[in-house]
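Protein chains: 4
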Amino acid sequence: MSGLHEECGILGLYSNSSGALAETVYYGLYALQHRGQEGCGIAVCDEGVITAHKDTGLVGEVFDHRTLSEMPQGNMAVGHVRYSTTGGNERRNCQPIVVNHQKGRMALAHNGNLSNAAALRSELELSGAIFHTTSDTEIIAYTITKQRLRCSSIEQAVLQTMDIIEGAYSLIVMSPTKLIAVRDPFGFRPLCFGKMPEDGGYVVASESCALTAIGAEFVRDIEPGEMLIFSSEGIRSERSHCGTKPRRTCIFEYIYFARPDSVIDGVSVHDSRLKAGRILAEECPADADIVIGVPDSGLDAALGFSQASGIPYGIGLIKNKYIARTFISPGQSSRTDKVRIKLAAVASTVKDKRVVLVDDSIVRGTTGGRIVSLLREAGAKEIHFRVSAPPFLHPCYYGTDIDSEDGLIASHHTPAETAAIMGADSLGYLPVGRLDELNCGMGCCRSCFTGDYPTAIQRNAVKDRYEMKIPKK
Amino acid sequence: MSGLHEECGILGLYSNSSGALAETVYYGLYALQHRGQEGCGIAVCDEGVITAHKDTGLVGEVFDHRTLSEMPQGNMAVGHVRYSTTGGNERRNCQPIVVNHQKGRMALAHNGNLSNAAALRSELELSGAIFHTTSDTEIIAYTITKQRLRCSSIEQAVLQTMDIIEGAYSLIVMSPTKLIAVRDPFGFRPLCFGKMPEDGGYVVASESCALTAIGAEFVRDIEPGEMLIFSSEGIRSERSHCGTKPRRTCIFEYIYFARPDSVIDGVSVHDSRLKAGRILAEECPADADIVIGVPDSGLDAALGFSQASGIPYGIGLIKNKYIARTFISPGQSSRTDKVRIKLAAVASTVKDKRVVLVDDSIVRGTTGGRIVSLLREAGAKEIHFRVSAPPFLHPCYYGTDIDSEDGLIASHHTPAETAAIMGADSLGYLPVGRLDELNCGMGCCRSCFTGDYPTAIQRNAVKDRYEMKIPKK
Amino acid sequence: MSGLHEECGILGLYSNSSGALAETVYYGLYALQHRGQEGCGIAVCDEGVITAHKDTGLVGEVFDHRTLSEMPQGNMAVGHVRYSTTGGNERRNCQPIVVNHQKGRMALAHNGNLSNAAALRSELELSGAIFHTTSDTEIIAYTITKQRLRCSSIEQAVLQTMDIIEGAYSLIVMSPTKLIAVRDPFGFRPLCFGKMPEDGGYVVASESCALTAIGAEFVRDIEPGEMLIFSSEGIRSERSHCGTKPRRTCIFEYIYFARPDSVIDGVSVHDSRLKAGRILAEECPADADIVIGVPDSGLDAALGFSQASGIPYGIGLIKNKYIARTFISPGQSSRTDKVRIKLAAVASTVKDKRVVLVDDSIVRGTTGGRIVSLLREAGAKEIHFRVSAPPFLHPCYYGTDIDSEDGLIASHHTPAETAAIMGADSLGYLPVGRLDELNCGMGCCRSCFTGDYPTAIQRNAVKDRYEMKIPKK
Amino acid sequence: MSGLHEECGILGLYSNSSGALAETVYYGLYALQHRGQEGCGIAVCDEGVITAHKDTGLVGEVFDHRTLSEMPQGNMAVGHVRYSTTGGNERRNCQPIVVNHQKGRMALAHNGNLSNAAALRSELELSGAIFHTTSDTEIIAYTITKQRLRCSSIEQAVLQTMDIIEGAYSLIVMSPTKLIAVRDPFGFRPLCFGKMPEDGGYVVASESCALTAIGAEFVRDIEPGEMLIFSSEGIRSERSHCGTKPRRTCIFEYIYFARPDSVIDGVSVHDSRLKAGRILAEECPADADIVIGVPDSGLDAALGFSQASGIPYGIGLIKNKYIARTFISPGQSSRTDKVRIKLAAVASTVKDKRVVLVDDSIVRGTTGGRIVSLLREAGAKEIHFRVSAPPFLHPCYYGTDIDSEDGLIASHHTPAETAAIMGADSLGYLPVGRLDELNCGMGCCRSCFTGDYPTAIQRNAVKDRYEMKIPKK
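Protein chains in written order, with the working numbering: chain A, 1 to 473; chain B, 1 to 473; chain C, 1 to 473; chain D, 1 to 473.
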């Protein structure tokens, strides 16, 4: 619980017969909602005609009985949940994007961030393209469409697009007859697929928890660089981009983004967090009476810390389930700060105790400081803050909403200084060197900790450009 | 009151200083609301940054205190009201369209229909363009942007666009520093401009009634083919396309679309309708006791008929002011038909009288038939139906919502047959030959009466294409 | 068009079989909407169980497909439209009021104002009653319920209530088995009934226009003091209160409130207004070129003035149909005043003309002054203001929203002064002495012109009492 | 997680100076939201004038920036969250109830259920009262008002009301100058108060977690039978009803309703649940590998079970945070049941394990059965279901939403049968005999387990009466 945000979850369905697929996507998006709460959408393909509904808001706000029942039946569907960094009325940025081009209609849902977005966009504009959104997804849509003019099939166009776009992308493309799922060669963002038990259809999703939610059977993760094509001819795997790059799964998928019941690239997210807690206990032990976690994402690591250290696990913080997007930020009074409304300390757990407090990350340090205060008020004697991730030092260009070092407390303060600022008695981080253990050594992107990026980086100047005022002469 | 619909009203403001222009556009759009009730929008330019708000709904629904106060101050603004033929959630089709291209940002508002839309769209798509709407306006936006890549100024790009697009278009283009108003060389749709008395600014609008509503002083109509450029250097008129085509003002602007207090190309709409009524009295006289009009657009012609014939004018039909878009169509019972809720006969006016009933047009004949019934129930002895337009026989490709001859009663029945179908005692139309008198002989488009179109016609296949299902093999 | 407002319209249905009565009430309320635009409601009785839906807003806002379809079928229904003077969230004041008392459930809809409300309310409170609204209707509900405890039937309880309440009331009471309609002994507010042609059911409504709208056949007005009881035994008329008071129909029902196609107590509202215009032409003639009316309620009198004077009738003012409750009042700029958005002058009608301008009333004089300005701007040479009512001098206690003399321009200025304030060349009112001609001499309430009230008056102190602050000691 | 629901949470503020109290109540209601999610409201008293806003919906839905900023400043305020058993549009049942009576204005907020409601209501109706809601709170309002007519002060009226009403009630009454808090002599529902540190004001609330949320300092619980009066003269405790009845705190407040960080009558809710888990481990041990809880309310007892048994604690079920009131129930397909969307098993925790599953209660058994299935699918080898409450056998008349034995699985099946129905390997309940240990032996209401009620019981026939149809003759 930190200030980090993931940019999207995607889900696609392919069925051999027509049905109320929008309904199934709806349930699946509920299971991916943690990956994006700003907007969502569903597109259905009914004999080649694509109908979409999307808007800002949670799945349960955008889709009600009426909107859902107005979606047509079909044999393919794509859904998307979105986190937006820009705020305001960004309805047009919602996905899936639907393209009604004479050379091929399609719907696209995308999770990730391109690292060469600015250059691609500029080039496309100079060839006459008009962009309606500020999202990378529209760049992908344009690139596919451009390739489509020269290619005999949609999958050829997508394959060639993979030679052009760079960075993080898990992508679902729905043409009138095929559903195509793609994961970028680094495998930054997860993507897996499963089988619908009843009708022999397939489902592709960002996380396995969405498969379970709709009763599908997990088949396997899509590999970095792999493209899967679902059509009336069955599944085909196109692997020409596989192995062209080293695997660089975003380690924050394990630490924070994904749901603990998901399994990504064969590794249980819950186990990964337990492991982080156990490593923390080894690397940053504490002499304490109780271990508590910050709900929800700090609980697993706290349990791991307890298991490895032998210090009893306790329930020391309660999260208010009713704080939603509409919560009005408290006014001037310090008595009513937002953290106090969102979290409450369980005094009987922490009173007169030496407490190990485990959270998944520290971004600006303000929330952490407020939590420390809550525990002090509740009578905690000592507070040893443990973070199940290394210090966050550098911006991320692959989909995490940290685009500058400015607010990152770890970029400007030592752990001891940070502990003092937050009012904790000690502070310990997970060492970068042990990160690979979290996903069983398969390789992960750790550039937000090291500043060492797997791709070339262009700072995305698109938004700035459009909002720059023209100076008066 | 007929089944005809106009596709849009536009309004632009240019001021020498920054102010709450969105508010002024809001009031102006109220005065143009009769030209489109499906959607509306306002875009404001503040030192080059363009901010827009648009949605489906009436001006008073889309803009409330909050949305209006959230619009930035600026020195230019464009507004639009829209009529949509397609129904459903067509939010994306709302205008102004905002283009944030690196070679030039702009906002566009458009009234009219291109007759070469399908060919232009296809050509643009084959060069890689992706369309997000089904509207002609996006074709214009693409064409301007394509030209802009090769032109040194936005006005050059718009001028070259006029060589490419064909059909009906009154257009307002707002670049970061200029406001450009264009009327197509035939002058199908009206466009005029005025001066804001207080600050020396300018306003462009579809109809003069919008100028009056915001307290501006009417200057003159924009001529067919003329382009006006408003900038910090004042107004400039670019006339290279003037006089290249014969004037073909849509005659239905006078008969039905425009507000009676507007003056179009120097001719008062109210006077034009009075004249239509007078001609009707000469050409299709009736032996009657009273002349009544169908509110609102039939009242002026009814008064003209009364003046020319000497038959007293009466108030014989009342229109319910509260029937809005949300009105639920009556159920199975014949007692509660929609016409009966919308219109009521004033029995004391028509009882035991021979009535001349004047309306502006007959499209399918069903509404006319229902009105005849209401008057019979109220005791009218004879009903002589007079129409202040010629028989509507052919589809319109320039912005009127009649895209096929299928439902047009006059295409399939003689006036006598139509009278019988509607239950009227007689029926008379305005002769085509006298149409020119309505706008003082300046020339008008009468193709919906004659089938003789001023431009080449491509039936617009865009919508069909996108909604066509792929046949199962 | 003036500043006067009517407080409500009511409608009741009695059918011998169960059906979708809410739908029919919905259409009927559309025809009564002019009597109240602040709120509305419908209650349906299905085998004794009463279900209601009501809220602030227009009929088309409060009832949509969903709310309407959720109303049960039934054999009786009551509807109400309401004008509220208080503003704000007055949802609880909406009607019909539903009472679920063990001695008798009922729904009530009421039009009028009690002149002894304050005393009755105080007395009821001192016996333990708690009021949930500030409306007179709740006082009537309590009084009926109190009587009901001692009476063997609901109609007995209503009859005894008529001995207790004083002032203006047209009332519909729906018990589980009977529909009861009552008009107060003075007959201040209209009430009539008709027959549903198809099923032999009945409809009661404030105005005959609602009967026509739903296809019912007008039977007759309910007489002052009469009570009608509709039940499975047919209709019964209880006339014990008839003739106990002189008839005092509110003359503003004819002049302004009612729809011109309604017939009240045998007199056509349209004819009554034509007559007012003719009397005006006799009493306050003007040397002029054209007669125009302020739409909508001034048009009939203008036509009457034209007929009597021989001065031609013209269409000189256009009313914007889209100004609704949500219209945002213009800002600081004088260019954008509300009257300018609501009304527009037709220059070609009034330019260089001497104009007779007819409106139904002048309350504060501000709107009148703004209209005079619009006509001057449009080129009118002289403006002779004629009012189809006498000067409004005194507050009304029977349902018109004028509760004090403070803002009444006629209370403080002579006609000549008022003309000067408004910028008119002359001003003439309908003489009080000729008012009786408007409803054919049957007798009318004219206390707002004379200050002579037919009942004793208690200024209603209820609202004040509840909003009075407690002074700090 | 069970099917039980609490009926309401209440909160009152008294301050010595005027301020934005509605804002503070808003934050406090967020902390009480778990006690009622159907509706909420806030009433503010500003120098004796009471203004309220209330509606159906969550706190964050009913109150937004606009509604909150429109609430007046004041020196007293009352808030309420409500659970409604009836569903549908029950806006009128929302609280606080505001009474504007000439003998005394007041606002009331109530938590509980009266056991003599039907008799009181009937008696009040026969004296002329009209009820607008079906809630007990209105009965209390009427009774206080009736007493007020004979009493010199509001507190006297409330005291006398305590002699008349019977059952469960925690009550806050706000008069123009005083805030009065009352807890019934049995102390069924909790109520406590605290001090606002900054301004010397006071806060009364259903649970101590609300005090912490707004930064107040807990003072003490209000005692069963006690009345506290907050006024400009300070606090006064009126104890004449204290000790007249045995303490009967609802044991489900500890087991399920209250938030674990609350302390009720000196006992931490979290500790009480840990204790329940420990007793379970003693009384119903299981040979197992892991203990997991059903989130959220089963987690504490699961941890207690783990501590007492030595079996490791695990995180085995994840709750979806985004399931709200708007969630559309899954369709026909068994793949998409609601439990599957709300809860997910963590396979890596339960796979191939013998699992102890702890939940707080079993009502109908369906949810429990679905959870067992989820765990089986995830690979659990054995599932030993443990319930931290005794079998639920009898209806509750004091505020819990179980009004009949019909659906209670424990009323019809032995534990072994229930285990079989749910698919569990064993099932164990907390013994009734050890309930007192949960609140340290102070005494609790256990009538839902034993059928032995502390007061006389009248089945509440009010709702039935009003909804009964009248049989056709």
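Don't take each hint at face value.
One copy or any two copies: either way a pair holds, since identical chains are not told apart in the list.
[As the list claims (entries may be wrong)] List of simulated lysine-lysine pairs, BS3-like, C-alpha gap at most 25 Å:
{"id": "1", "residue 1": "Lys338", "residue 2": "Lys381"}
{"id": "2", "residue 1": "Lys245", "residue 2": "Lys381"}
{"id": "3", "residue 1": "Lys338", "residue 2": "Lys245"}
{"id": "4", "residue 1": "Lys381", "residue 2": "Lys103"}
{"id": "5", "residue 1": "Lys338", "residue 2": "Lys469"}
{"id": "6", "residue 1": "Lys319", "residue 2": "Lys338"}
{"id": "7", "residue 1": "Lys195", "residue 2": "Lys351"}
{"id": "8", "residue 1": "Lys321", "residue 2": "Lys338"}
{"id": "9", "residue 1": "Lys245", "residue 2": "Lys351"}
{"id": "10", "residue 1": "Lys103", "residue 2": "Lys469"}
{"id": "11", "residue 1": "Lys351", "residue 2": "Lys319"}
{"id": "12", "residue 1": "Lys195", "residue 2": "Lys319"}
{"id": "13", "residue 1": "Lys321", "residue 2": "Lys351"}
{"id": "14", "residue 1": "Lys381", "residue 2": "Lys319"}
{"id": "15", "residue 1": "Lys351", "residue 2": "Lys103"}
{"id": "16", "residue 1": "Lys245", "residue 2": "Lys195"}
FYI, nobody ran anything at the bench for these hints, they're computed from the structure.
Here is how each hint holds up against the structure:
1. Lys338 / Lys381: within (24 Å within a copy, 43 Å between copies)
2. Lys245 / Lys381: Answer is neither; intra-copy 50 Å and inter-copy 41 Å both fail.
3. Lys338 / Lys245: neither (43 Å within a copy, 41 Å between copies)
4. Lys381 / Lys103: neither (68 Å within a copy, 54 Å between copies)
5. Lys338 / Lys469: neither (34 Å within a copy, 34 Å between copies)
6. Lys319 / Lys338: both (12 Å within a copy, 23 Å between copies)
7. Lys195 / Lys351: between (50 Å within a copy, 21 Å between copies)
8. Lys321 / Lys338: Close inside one copy (13 Å) and across copies (18 Å); limit 25 Å.
9. Lys245 / Lys351: neither (52 Å within a copy, 34 Å between copies)
10. Lys103 / Lys469: between (38 Å within a copy, 15 Å between copies)
11. Lys351 / Lys319: within (18 Å within a copy, 28 Å between copies)
12. Lys195 / Lys319: between (35 Å within a copy, 24 Å between copies)
13. Lys321 / Lys351: within (24 Å within a copy, 29 Å between copies)
14. Lys381 / Lys319: Only inside one copy: Lys381 and Lys319 sit 22 Å apart there, 32 Å across copies, limit 25 Å.
15. Lys351 / Lys103: neither (68 Å within a copy, 49 Å between copies)
16. Lys245 / Lys195: Answer is neither: 28 Å inside a copy and 62 Å across each miss the 25 Å cutoff.
Hints 2, 3, 4, 5, 9, 15 and 16 from the earlier list are contradicted by this structure; the remaining hints agree with it.
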